[in-house]
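Chain A is already provided as a structure; the job is to place chain B on it using the hints.
2 protein chains.
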Amino acid sequence: MIVCKFGGTSVANAEQIKKVANIVKSNPKRKIIAVSAPGKRFGDDIKVTDLLIELADAALNNGDAAGKLQIVVNRFKEITHELGLDDAICDVIKNDLQERVASDKSNKTLFIDNIKASGEDNNAKLIAEYFNSIGLRAKYVSPKEKLILNDFPERTLALPEAYENLKDLGKDNEIVVFPGFFGYTKNGTLRTFDRGGSDITGSILAAAVKADLYENFTDVDFVFSANPKVVNNPVGISEITYREMRELSYSGFSVFHDEALMPVYKLGIPVTVKNTNNPTAPGTKIVPTRPLTGRPVTGISADSGFSILYVSKYLMNREIGFGRKLLQIIEEEHISYEHTPSGLDDISVVIRSNQLTNEVEERIVNRVKEELHADDVYFRHGLSLIVIVGEGMRNNTGLAARAASAISRTGANIEMINQGSSEVSLVFGVLQPAENQILRALYDEFFAPITV
Amino acid sequence: MIVCKFGGTSVANAEQIKKVANIVKSNPKRKIIAVSAPGKRFGDDIKVTDLLIELADAALNNGDAAGKLQIVVNRFKEITHELGLDDAICDVIKNDLQERVASDKSNKTLFIDNIKASGEDNNAKLIAEYFNSIGLRAKYVSPKEKLILNDFPERTLALPEAYENLKDLGKDNEIVVFPGFFGYTKNGTLRTFDRGGSDITGSILAAAVKADLYENFTDVDFVFSANPKVVNNPVGISEITYREMRELSYSGFSVFHDEALMPVYKLGIPVTVKNTNNPTAPGTKIVPTRPLTGRPVTGISADSGFSILYVSKYLMNREIGFGRKLLQIIEEEHISYEHTPSGLDDISVVIRSNQLTNEVEERIVNRVKEELHADDVYFRHGLSLIVIVGEGMRNNTGLAARAASAISRTGANIEMINQGSSEVSLVFGVLQPAENQILRALYDEFFAPITV
Numbered sequence: 001m002i003v004c005k006f007g008g009t010s011v012a013n014a015e016q017i018k019k020v021a022n023i024v025k026s027n028p029k030r031k032i033i034a035v036s037a038p039g040k041r042f043g044d045d046i047k048v049t050d051l052l053i054e055l056a057d058a059a060l061n062n063g064d065a066a067g068k069l070q071i072v073v074n075r076f077k078e079i080t081h082e083l084g085l086d087d088a089i090c091d092v093i094k095n096d097l098q099e100r101v102a103s104d105k106s107n108k109t110l111f112i113d114n115i116k117a118s119g120e121d122n123n124a125k126l127i128a129e130y131f132n133s134i135g136l137r138a139k140y141v142s143p144k145e146k147l148i149l150n151d152f153p154e155r156t157l158a159l160p161e162a163y164e165n166l167k168d169l170g171k172d173n174e175i176v177v178f179p180g181f182f183g184y185t186k187n188g189t190l191r192t193f194d195r196g197g198s199d200i201t202g203s204i205l206a207a208a209v210k211a212d213l214y215e216n217f218t219d220v221d222f223v224f225s226a227n228p229k230v231v232n233n234p235v236g237i238s239e240i241t242y243r244e245m246r247e248l249s250y251s252g253f254s255v256f257h258d259e260a261l262m263p264v265y266k267l268g269i270p271v272t273v274k275n276t277n278n279p280t281a282p283g284t285k286i287v288p289t290r291p292l293t294g295r296p297v298t299g300i301s302a303d304s305g306f307s308i309l310y311v312s313k314y315l316m317n318r319e320i321g322f323g324r325k326l327l328q329i330i331e332e333e334h335i336s337y338e339h340t341p342s343g344l345d346d347i348s349v350v351i352r353s354n355q356l357t358n359e360v361e362e363r364i365v366n367r368v369k370e371e372l373h374a375d376d377v378y379f380r381h382g383l384s385l386i387v388i389v390g391e392g393m394r395n396n397t398g399l400a401a402r403a404a405s406a407i408s409r410t411g412a413n414i415e416m417i418n419q420g421s422s423e424v425s426l427v428f429g430v431l432q433p434a435e436n437q438i439l440r441a442l443y444d445e446f447f448a449p450i451t452v
Numbered sequence: 001m002i003v004c005k006f007g008g009t010s011v012a013n014a015e016q017i018k019k020v021a022n023i024v025k026s027n028p029k030r031k032i033i034a035v036s037a038p039g040k041r042f043g044d045d046i047k048v049t050d051l052l053i054e055l056a057d058a059a060l061n062n063g064d065a066a067g068k069l070q071i072v073v074n075r076f077k078e079i080t081h082e083l084g085l086d087d088a089i090c091d092v093i094k095n096d097l098q099e100r101v102a103s104d105k106s107n108k109t110l111f112i113d114n115i116k117a118s119g120e121d122n123n124a125k126l127i128a129e130y131f132n133s134i135g136l137r138a139k140y141v142s143p144k145e146k147l148i149l150n151d152f153p154e155r156t157l158a159l160p161e162a163y164e165n166l167k168d169l170g171k172d173n174e175i176v177v178f179p180g181f182f183g184y185t186k187n188g189t190l191r192t193f194d195r196g197g198s199d200i201t202g203s204i205l206a207a208a209v210k211a212d213l214y215e216n217f218t219d220v221d222f223v224f225s226a227n228p229k230v231v232n233n234p235v236g237i238s239e240i241t242y243r244e245m246r247e248l249s250y251s252g253f254s255v256f257h258d259e260a261l262m263p264v265y266k267l268g269i270p271v272t273v274k275n276t277n278n279p280t281a282p283g284t285k286i287v288p289t290r291p292l293t294g295r296p297v298t299g300i301s302a303d304s305g306f307s308i309l310y311v312s313k314y315l316m317n318r319e320i321g322f323g324r325k326l327l328q329i330i331e332e333e334h335i336s337y338e339h340t341p342s343g344l345d346d347i348s349v350v351i352r353s354n355q356l357t358n359e360v361e362e363r364i365v366n367r368v369k370e371e372l373h374a375d376d377v378y379f380r381h382g383l384s385l386i387v388i389v390g391e392g393m394r395n396n397t398g399l400a401a402r403a404a405s406a407i408s409r410t411g412a413n414i415e416m417i418n419q420g421s422s423e424v425s426l427v428f429g430v431l432q433p434a435e436n437q438i439l440r441a442l443y444d445e446f447f448a449p450i451t452v
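Protein sequence lines, in the order shown, are assigned to chains A and B. Residue numbering for the first sequence follows the working numbering, beginning at 1 and increasing consecutively. Residue numbering for the second sequence follows the working numbering, beginning at 1 and increasing consecutively.
Just to be clear, a hint being listed does not mean it is correct.
Listed next, the in silico DSS-like pairs over lysine-lysine satisfying Cα-Cα at most 30 Å (straight line) [said to hold, decoys possible]:
(1) B:K77 to B:K105
(2) B:K19 to B:K47
(3) B:K325 to A:K313
(4) B:K285 to A:K313
(5) A:K210 to B:K313
(6) A:K325 to B:K266
(7) A:K369 to B:K167
(8) A:K229 to A:K47
(9) A:K167 to A:K285
(10) B:K18 to B:K167
(11) B:K94 to B:K18
(12) A:K285 to A:K171
(13) B:K369 to A:K266
(14) B:K25 to B:K171
(15) A:K47 to A:K105
(16) A:K369 to B:K325
(17) A:K146 to A:K77
(18) A:K18 to A:K285
(19) B:K313 to A:K146
(20) A:K167 to B:K369
(21) B:K369 to A:K325
(22) B:K266 to A:K313
(23) A:K186 to B:K313
(24) A:K325 to B:K313
(25) B:K313 to A:K167
(26) B:K210 to A:K369
(27) A:K313 to B:K210
Here are the computed distance ranges between Cβ atoms for each label pair [to be verified]:
(28) B:M1 to A:R363: 42 to 50 Å
(29) B:N395 to A:E78: 54 to 62 Å
(30) B:N233 to A:Q432: 43 to 51 Å
(31) A:T410 to B:D45: 55 to 63 Å
(32) A:T189 to B:S304: 58 to 66 Å
(33) B:T397 to A:G67: 57 to 65 Å
(34) A:E371 to B:R394: 23 to 31 Å
(35) B:Q437 to A:R363: 46 to 54 Å
Some chain A residues well away from chain B (every beta-carbon gap over 10 Å; in silico) [unchecked claim]:
(36) D44
(37) K94
(38) D96
(39) Q98
(40) K139
Treat the hints as calculated values from the structure; they're not laboratory data. The C-beta atom is built at its ideal place from N, Cα and C for all residues, glycine as well.
This is chain A alone, in the form it adopts within the complex (with noise of 0.2 Å):
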């Protein structure tokens, strides 16, 4: 059985559904599939989506709630007119939003959750409905009291029950359409993932029903090996580990929401990414483990908005516990950081600087110095880091002696290294405005074809 996820273009109106409906005809074995909400059909469009969170804004704060609701279901009703359906699953569409807006707003996050769900929910209501209409038999099935979450506050995860409750999706002769994005906590609220959560949706289905593939479509042809807005035509790729997929999500690489391909990783089960408006192309197929190419590097990603914690004491490196209690000050913060790299008296923490304000420095570093008795402590900004990634990195003499040449004639200098045991990744800081020019020269050095 092959899961199916369709993200928001690939449902994004009339045109791209019937898409859908050849893709899901071409291969009987598709018959589950996890649908987004109508995404955006051109550059400037809007995602039904973000529709929803005006509305629900709208709601909240005596806005013009009618109005946006009206712009929400003419949407839909575009899509049914266009596909030559029934009016009537547009008054379906529209008393669901009503009875959503007039719910309890006693939870504003509950409140907005179960307003931006009725998107995918109310898609895939519409998919199964057309799928029937020309001869695809579908049915629509809710992830009420199947798709059970964990209880407000806490992040939105699946609990192990969804699985038992999903595990027999499929079986029968009709097309599973799966609302993507959210579920209901064991009491009946209804809650959503992190944005892009679709992918995790498809995901747990897969894993439920134990799919041989889950196939994630969406609008590119496949996964690139480095970011196309900064490197011109990037290499597609082809084939990539879960590990790869994994060290290369810093950016540039946004076709997976983070955790998404938890519950299929954890099973092993193959994952593709495949482009609804060229379904022929063969994808990017994303597995444990895979055959060693001639390339050593399988792609380079680079995210901006770093910056490094400097702590250094004299004699640190005697201290046992010097580190532990450093990363529990930062812990302490609820603050997440990357890589720790260090020397024998100093050690720096690299940190997302999203998570930073001026107090939480102040604070973090006085903690240090009164805590730790630090000799040196502070915050530097600006930081970029590039990861070069593949599995066929590990012993690869002269891997890094390429990498930091290649650095080192774009003139920038590297003010970071980190290569762990593992091999599989290597990662440089650099200084912001040296990003992309470091992204390109390490892209010509690894992917430059190959001239006889």
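Chain B only, in chain A's frame:
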């Protein structure tokens, strides 16, 4: 005022002690000298301290204590005769040793400390007597009631009052001859510093009197830029910062005991390492800061005997507190670590292998698996760390590229790279068999004579 410390080989016999006298005479600012016990006179010789450990062992285990005691007295007798001193001092030394041997043995560590310390103590008495015999006004000063230490069984440290007690030393017309290596607790119990601790005594004295300079006399013309046992004729270092010295202290730079510089570092007192056998050579100066020279790298050290604990877990980097909890487990085993290179989903902890046993490793691996739910946890052994150090490495574009290229030319693989934001050091982890070859390759890269 200058405080001098003379190491074991500098006071090994009469000839060496005469050199010491000449050195002290040649500069009237040299008012305080800390002395070691007589060291080796030739390659296979036995240090007095080692003879004393044998004596203590014999005294504790009903061995031939009288015979061992006589061997020690004979070493001093030989020196006394060759210096043309009266035999009376040897009787003083013999009586002193007999009293120590007869002392309370209920605490073996303190008993051994007391015997060991007699080497420095009696040598200081002998040297003071010799100085006076040649018209150099000098006095032996005991650490008793001056160099106050913390109580057994804490690791030996000087208490703050030691500095207060010693601050007027050297202010009269006599040269102070102070035995290195030991002090006394508040209740008068003798304790020794870790081995090599005469460096600490000298450093404490220099800090207490706020000396202009701390001269550390040993048997090399300077600190070498790389281990001369591996690299042929390495360049000597003329000036080095405290920080560089610390970063190099992994190995091949065993000139200083690790903690010895702490007291002078705190006050910014410069230190010179000089050769008793060639005192006009400028030696190596250790300073708080130094002007940058043309050469970015000051020294390269290498050390073997490291292990790596490798831990991977899917989505590790989203788990606030993971790194801290891992370090806490290491800390609870009383293990110190060197570096923690990391990827997004993996972290390695570099540990000195001598802290590990099969049981410790098993305990750590089990705890990390069970408490942190890691996917993969294992130890790797047989690693060497190579550390390139230099204040001039900061902002030296291309340095990491040069280093990595030099390593790759040896054909060796780089297992780990660590460069913090201080950029004073760059650490490479390599497999031990490649260590010496890599050290030579890096030395050639950064210290090859500049050919025109």
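Structure-based check of all given hints:
no.: 1; hint: B:K77 to B:K105; in the structure: 27 Å, holds
no.: 2; hint: B:K19 to B:K47; in the structure: 19 Å, holds
no.: 3; hint: B:K325 to A:K313; in the structure: 22 Å, holds
no.: 4; hint: B:K285 to A:K313; in the structure: 21 Å, holds
no.: 5; hint: A:K210 to B:K313; in the structure: 22 Å, holds
no.: 6; hint: A:K325 to B:K266; in the structure: 23 Å, holds
no.: 7; hint: A:K369 to B:K167; in the structure: 29 Å, holds
no.: 8; hint: A:K229 to A:K47; in the structure: 22 Å, holds
no.: 9; hint: A:K167 to A:K285; in the structure: 24 Å, holds
no.: 10; hint: B:K18 to B:K167; in the structure: 28 Å, holds
no.: 11; hint: B:K94 to B:K18; in the structure: 23 Å, holds
no.: 12; hint: A:K285 to A:K171; in the structure: 25 Å, holds
no.: 13; hint: B:K369 to A:K266; in the structure: 16 Å, holds
no.: 14; hint: B:K25 to B:K171; in the structure: 17 Å, holds
no.: 15; hint: A:K47 to A:K105; in the structure: 24 Å, holds
no.: 16; hint: A:K369 to B:K325; in the structure: 22 Å, holds
no.: 17; hint: A:K146 to A:K77; in the structure: 29 Å, holds
no.: 18; hint: A:K18 to A:K285; in the structure: 24 Å, holds
no.: 19; hint: B:K313 to A:K146; in the structure: 28 Å, holds
no.: 20; hint: A:K167 to B:K369; in the structure: 29 Å, holds
no.: 21; hint: B:K369 to A:K325; in the structure: 22 Å, holds
no.: 22; hint: B:K266 to A:K313; in the structure: 11 Å, holds
no.: 23; hint: A:K186 to B:K313; in the structure: 29 Å, holds
no.: 24; hint: A:K325 to B:K313; in the structure: 22 Å, holds
no.: 25; hint: B:K313 to A:K167; in the structure: 26 Å, holds
no.: 26; hint: B:K210 to A:K369; in the structure: 26 Å, holds
no.: 27; hint: A:K313 to B:K210; in the structure: 22 Å, holds
no.: 28; hint: B:M1 to A:R363: 42 to 50 Å; in the structure: 44 Å, holds
no.: 29; hint: B:N395 to A:E78: 54 to 62 Å; in the structure: 59 Å, holds
no.: 30; hint: B:N233 to A:Q432: 43 to 51 Å; in the structure: 44 Å, holds
no.: 31; hint: A:T410 to B:D45: 55 to 63 Å; in the structure: 57 Å, holds
no.: 32; hint: A:T189 to B:S304: 58 to 66 Å; in the structure: 59 Å, holds
no.: 33; hint: B:T397 to A:G67: 57 to 65 Å; in the structure: 59 Å, holds
no.: 34; hint: A:E371 to B:R394: 23 to 31 Å; in the structure: 28 Å, holds
no.: 35; hint: B:Q437 to A:R363: 46 to 54 Å; in the structure: 48 Å, holds
no.: 36; hint: D44; in the structure: 33 Å, holds
no.: 37; hint: K94; in the structure: 39 Å, holds
no.: 38; hint: D96; in the structure: 34 Å, holds
no.: 39; hint: Q98; in the structure: 38 Å, holds
no.: 40; hint: K139; in the structure: 33 Å, holds
Hint compliance for this structure: every hint is met.
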